[in-house]
Every structure is written in structure tokens, then in C-alpha cells.
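K.L.:
Spelled out, the chains give:
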Amino acid sequence: MKKRIIINEEYCMGCRLCEVYCVTQRSRSKDILKAYKGEYPRPVSGIVFEEKGPISFALQCRHCEEPPCVEACLTGALYVDAETGRVLHDRERCVGCWMCIMVCPFGVIKLDHDERVVASKCDLCIEAEEPACVVHCPNEAITVVEVKEKE
Amino acid sequence: MRYLIIGNSAAAVNAVEAIRGVDKEGDITIVSDEEVLNYSRPLLSYYLGGRIAEDRLAFRDEAFYKKHKVDLILGKRATGLDTEKKRVTLADGQVLPYDRLLISVGGVPIVPPIEGLRDDTTGVFTFIQLREAKRLIDYIEQDSIQKAVVLGAGLIGLKAIEGLLERGVRVTVIELMDRILANTFDAEASSIIEERLTAHGCTVIKGDTIARVKTRGGKIRQLTLKSGKEIPTSLLIVAVGVRPNLELVKRTSVKTDRGIVVDEFMQTSVQAVYASGDCAQGLDFLSKENAVIAIWPVAARQGRVAGLNMSGVQTTYPGLFAMNSVQIMDVPTISFGMTTPPEGEGYEVLHRLDRAKSSYKKIVLRNDRVVGAILLNAVERAGVYGMLIREGIDVKEFKDQLLSDAFGLLVLPKEFRKHLVAGESFVA
Numbered sequence: 059m060k061k062r063i064i065i066n067e068e069y070c071m072g073c074r075l076c077e078v079y080c081v082t083q084r085s086r087s088k089d090i091l092k093a094y095k096g097e098y099p100r101p102v103s104g105i106v107f108e109e110k111g112p113i114s115f116a117l118q119c120r121h122c123e124e125p126p127c128v129e130a131c132l133t134g135a136l137y138v139d140a141e142t143g144r145v146l147h148d149r150e151r152c153v154g155c156w157m158c159i160m161v162c163p164f165g166v167i168k169l170d171h172d173e174r175v176v177a178s179k180c181d182l183c184i185e186a187e188e189p190a191c192v193v194h195c196p197n198e199a200i201t202v203v204e205v206k207e208k209e
Numbered sequence: 086m087r088y089l090i091i092g093n094s095a096a097a098v099n100a101v102e103a104i105r106g107v108d109k110e111g112d113i114t115i116v117s118d119e120e121v122l123n124y125s126r127p128l129l130s131y132y133l134g135g136r137i138a139e140d141r142l143a144f145r146d147e148a149f150y151k152k153h154k155v156d157l158i159l160g161k162r163a164t165g166l167d168t169e170k171k172r173v174t175l176a177d178g179q180v181l182p183y184d185r186l187l188i189s190v191g192g193v194p195i196v197p198p199i200e201g202l203r204d205d206t207t208g209v210f211t212f213i214q215l216r217e218a219k220r221l222i223d224y225i226e227q228d229s230i231q232k233a234v235v236l237g238a239g240l241i242g243l244k245a246i247e248g249l250l251e252r253g254v255r256v257t258v259i260e261l262m263d264r265i266l267a268n269t270f271d272a273e274a275s276s277i278i279e280e281r282l283t284a285h286g287c288t289v290i291k292g293d294t295i296a297r298v299k300t301r302g303g304k305i306r307q308l309t310l311k312s313g314k315e316i317p318t319s320l321l322i323v324a325v326g327v328r329p330n331l332e333l334v335k336r337t338s339v340k341t342d343r344g345i346v347v348d349e350f351m352q353t354s355v356q357a358v359y360a361s362g363d364c365a366q367g368l369d370f371l372s373k374e375n376a377v378i379a380i381w382p383v384a385a386r387q388g389r390v391a392g393l394n395m396s397g398v399q400t401t402y403p404g405l406f407a408m409n410s411v412q413i414m415d416v417p418t419i420s421f422g423m424t425t426p427p428e429g430e431g432y433e434v435l436h437r438l439d440r441a442k443s444s445y446k447k448i449v450l451r452n453d454r455v456v457g458a459i460l461l462n463a464v465e466r467a468g469v470y471g472m473l474i475r476e477g478i479d480v481k482e483f484k485d486q487l488l489s490d491a492f493g494l495l496v497l498p499k500e501f502r503k504h505l506v507a508g509e510s511f512v513a
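Protein sequence lines, in the order shown, are assigned to chains A and B. For what it's worth, this note's numbering labels the leading residue of the first sequence as 59, then goes sequentially. For what it's worth, this note's numbering labels the leading residue of the second sequence as 86, then goes sequentially.
One chain only, chain A, in its complex shape (with noise of 0.2 Å):
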């Protein structure tokens, strides 16, 4: 079974605590305290999040069917999980060459500037039971759906 993240921006409060929490899962402590006052540089966060006037939104990668990033990538850094059909991105083999910002239709990817400046973006918390931005939206503006296989 595969996980897809679903936002619905009128439940959405903009709270941004989906964001503080992709941070803390992303950090290497795992402890929300230490991610923001110990951990430099501060782990980028998975979410893209968007804000105007009463409209907000939290947006995080789609894990495409066909992901454009994964076909655009140079480097064989981005992949699709067989297993779990997440769009993975390994780190090491990211060179920071942006074909996948310059496909990627949500603009979900970023720049993450670490002591070489490569991709970043959300790996569904690979790491853990449930995605952390999920698991804390006070709201279920960003739920989780298991989608069947397509056969």
C-alpha cells in the first residue's frame, strides 16, 4: 500500500506547527527543542507552506504516479520506492543541478544549503509510523490516505 499526504486548506488554520514538526523529524534528535536551538544548520523542512489573508496551505511533495523529478534528475539521486512508491531523493548523489525544482509542477522541492547545497524535499517521515505534519495538524487539514496499486 502507498501513503499520499491530502491538504484541504479550509480546514487549514495556519498554525504552521506542521512545519515545526517536519523540522523535528528531519532533525537528528528528534527533540523539537534541540532541532531549533541545537542543531545548526536547522534541518529544512519538508513543507511548503503558503499564506494569504484567511487562504492557507501547506503543501509537501505529491509523490507522483510518474514524478517529472525523478525522470529529469542527472544523477540517478532521485528514485521511486518499489516497495513504497514514495519519490525518494539521496543526498549523497545530488550534485544541486535544480532539473527537479525547474519540473516539479507543485514547486515542492527546495534548496537546502548544508556544506554542499543539494535538493531537498519530503520523504513521507521514511523514519517514522505516520508523517509527522500529519500526525500534528490540530485541524486533519494534512491527512493521510493508503492508495491501492495501480494494476
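If you are wondering where the hints come from, they were derived from the structure by calculation, not from laboratory data. Check before you lean on any hint, since a few could be wrong.
Distance windows between CB atoms, simulated [unchecked claim]: (1) A:Ile-90 to B:Val-196: 57 to 63 Å; (2) B:Gly-431 to A:Ala-140: 44 to 50 Å; (3) A:Lys-110 to B:Ser-443: 24 to 30 Å; (4) B:Gly-178 to A:Ala-186: 33 to 39 Å; (5) B:Asn-462 to A:Glu-97: 24 to 30 Å; (6) A:Val-138 to B:Gly-178: 51 to 57 Å.
Small disclaimer: the values here were computed from a predicted structure and weren't measured. Built from N, CA and C at the ideal position, the CB exists for glycine as well.
Here the structure of chain A is known, so what remains is to put chain B in place on it, guided by the hints.
P.N.:
Below, chain B alone, put in the same frame as chain A:
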């Protein structure tokens, strides 16, 4: 079913993946005149600059060919094609019959005739093949080369320059046009990158070209430019462009124009013969005409569409458009479509320049639709502009927000946005 693929780069690999998604049993053979498993050409500059090692050049590993049951024939050139008998002959005489053929042989670097320059002149290189890049590195190391000249300030030339500078080689670039990157960028973007080049010690000569070269003992020694200027050098990299490789289809009935002409199924004028990538001339989404668009995403997509059609799943190539993402001298740049529109033909241009940050955004519109863009040092969310081009979205209502730092999906009409982000299997 016997699938034969000539070439082993982006188009070929994507074709294999597509074929195997449909046909698990058919025989797939790949023939490449290069000896290595596969490698990503755009990574050659990173390799030249020492940013990545040779083992990082491959974009698919050995297991890929095993998993997809591909018979690999490396280091052999396909020299003959008989579309009647459906077979390809290799340079060593080996004959390979096929039921479906994919020609994805890429491009060949253009080397203009220059007085005094011979095919075998030592110290002259092109920069699109690994073996050439390796020869170049050996030459620089053996002769302790300190200075180089690059002819052509397009994307390949600039990436070569970057690699050379990273190796500590001082570079002079000679460009025929009045500015660098004239094909991809507008004057503003060109000037920002030119400043960066100059700041890194590269000498930029524009509106000039090499008239003749002097050699000594078969080795390049001095260039004389059209302007009369003389430049001593023992290393010249020719990067004036690439043209489709039409060698294999010469003297066959496969129709060619600038490249190998393909229909919406990536099939050439001859049945069962397909072409993809830098050698193919397929639909340009923007002009609605066939054009050679020699970029990675086009090669990958065309390869995939060809693979699907070859294995019997009729699939139409939607047509892509020119787009480039290149990090030059640590400046991320992305461009789409029409970047320098002709005057007086109904185009509208929005732009925003931040000299302090060296950031620049330019959006080209026609009839309130985005048809082109340039982004320098402001590439995040670039793909959203690409999506606006492809979807032909009317931007009249949010035109004033196109250049904003906060630009994103929020500006889109709500229904369209919801459809976009909720789409179960959004396919670009």
C-alpha cells in the same frame, strides 16, 4: 519481440524502463559506442572540476541492466541500418536483427573549420563525451596546463569554464555574439553571469572568434582572432554547439530535417523505427512545430514514450519546450521557453532585478499566458512557472504577483489549485 536500442543515455534508459513495464519477456539489446556502463553528460563539468569522482557519473547502476534483462553491447558503433530487412550492422560486422528499433544516439559536437586546425591537432578538445573529458584531464595534468581558451559561451562552454576554474586553470572565453549565453538568457541575466565569470578570473571576449591557429609539432600554440588579437595557448576547448547525430540514418529512407523527424508516437517516417533525445526532432509544445530540443527531460520523456509505443501501448508525446537548469559559478539559474521575445509581436515582459543579491526574475507573457521565464538566484518554485506555461493558465487576475517572493500555488484559481494538489496521479 526483439527491441534494439542504439545509444545508452537518458532516452535509452527511459525506453528500457517503459518497455519492461509492459513486456517482461521480449529481448532488449542496447548498443553503445562508448565503453562505460552509462554516464550523465551534464555531470562531466562536475567531474572536470573535481566535485565528483568517476564512479558518480553513472545515473543507473549495473543492477539496472540485470533487473531489466538488457543485453548490453558496449564499445561498438552501429554503422549500418537496413530498414527493409530490419537489421543493424555494427562496425565489427556483427548483424543485429530487430522488430522495433530505437535510435537514441544523441548529438555530436560542432567543430567549425578554422585555418590551421586539423582533426588531430593536440590540445584541442570538445566537451560532451566522457572519453574526451578524460583525455582533457590527462592533458591538463601531464602538461601542467595553467591557461585555457574556450570557444563558445553557451551552457556547455560555461560549464567547461567552471570546471577548468575549479582546477585552477585560468580561462579566456571567446564568444561570437555580443553577450554570453545568448541563446538561453536575456541581456540582464547574461551580464550578471558575466560579472561572476570575470570576478572568478575568467577573461570574456565577445563579438569575436578565432580566425586561425598556429601549431608547433602538431600541438596548438597560438590563436589569432578575427579582430587581430593574438592569444597564446596550449589548450582550446571548442564548445560552439551540438548537432543531432544522423550518421546511422544516412542513406536510409528515414526522414531527417535538422534531426530525425518523429511523429507523436516517436516513430520515424519508417515503421518500427523510433527516435528519441538529442538526435530526434519532435513536437515543440510552444511553437507547435517539430524541433530539436537537446535537453535531458525531453530525452527522458521521448525515450519513455518511444518505449511504450514500441511495446504496444499507444502513447502520445505531449510535446515539451526548451528549459534549462544550470548552476553557473554557484548561481542557480533556470529558464523556460521564450526568454527574449521579439519587439512588437504582442509579448509582455515582467521583471525584477535585485543587484545586491544578484537575483533576477523575468516572466514573458503573451495573451496573458506565461510563455517564458528566466530565474537567477531565485529558483525555488520555478516549476510552478513551467506548469503555468504547460497548462496555458490565464494569469490576468494575478499578474502582479508573478514576480513576488511569495509566488506559489496560492495565486491560482481555487478550483484549479485543488484539482492540482489533489490529483491522484497528476502527470506533468
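K.L.:
Indicate, hint by hint, whether the structure satisfies it.
P.N.:
For each hint, the structure was consulted:
At about 60 Å, the beta-carbon gap between A:Ile-90 and B:Val-196 stays in the expected band of 57 to 63 Å. Evaluation of the 44 to 50 Å hint for B:Gly-431 and A:Ala-140 yields a pass: the beta carbon distance comes to about 48 Å. About 27 Å separates the C-beta atoms of A:Lys-110 and B:Ser-443, a value consistent with the hinted range of 24 to 30 Å. Separation of B:Gly-178 from A:Ala-186 is about 59 Å and departs from the stated range, judged on CB atoms against 33 to 39 Å.
Taking the beta carbon of each, B:Asn-462 and A:Glu-97 are about 26 Å apart, inside 24 to 30 Å as hinted. In this structure the supplied range 51 to 57 Å is violated for A:Val-138 paired with B:Gly-178, their Cβ-Cβ distance being about 41 Å.
Comparing the model with each numbered hint stated earlier shows that hints 4, 6 do not hold.
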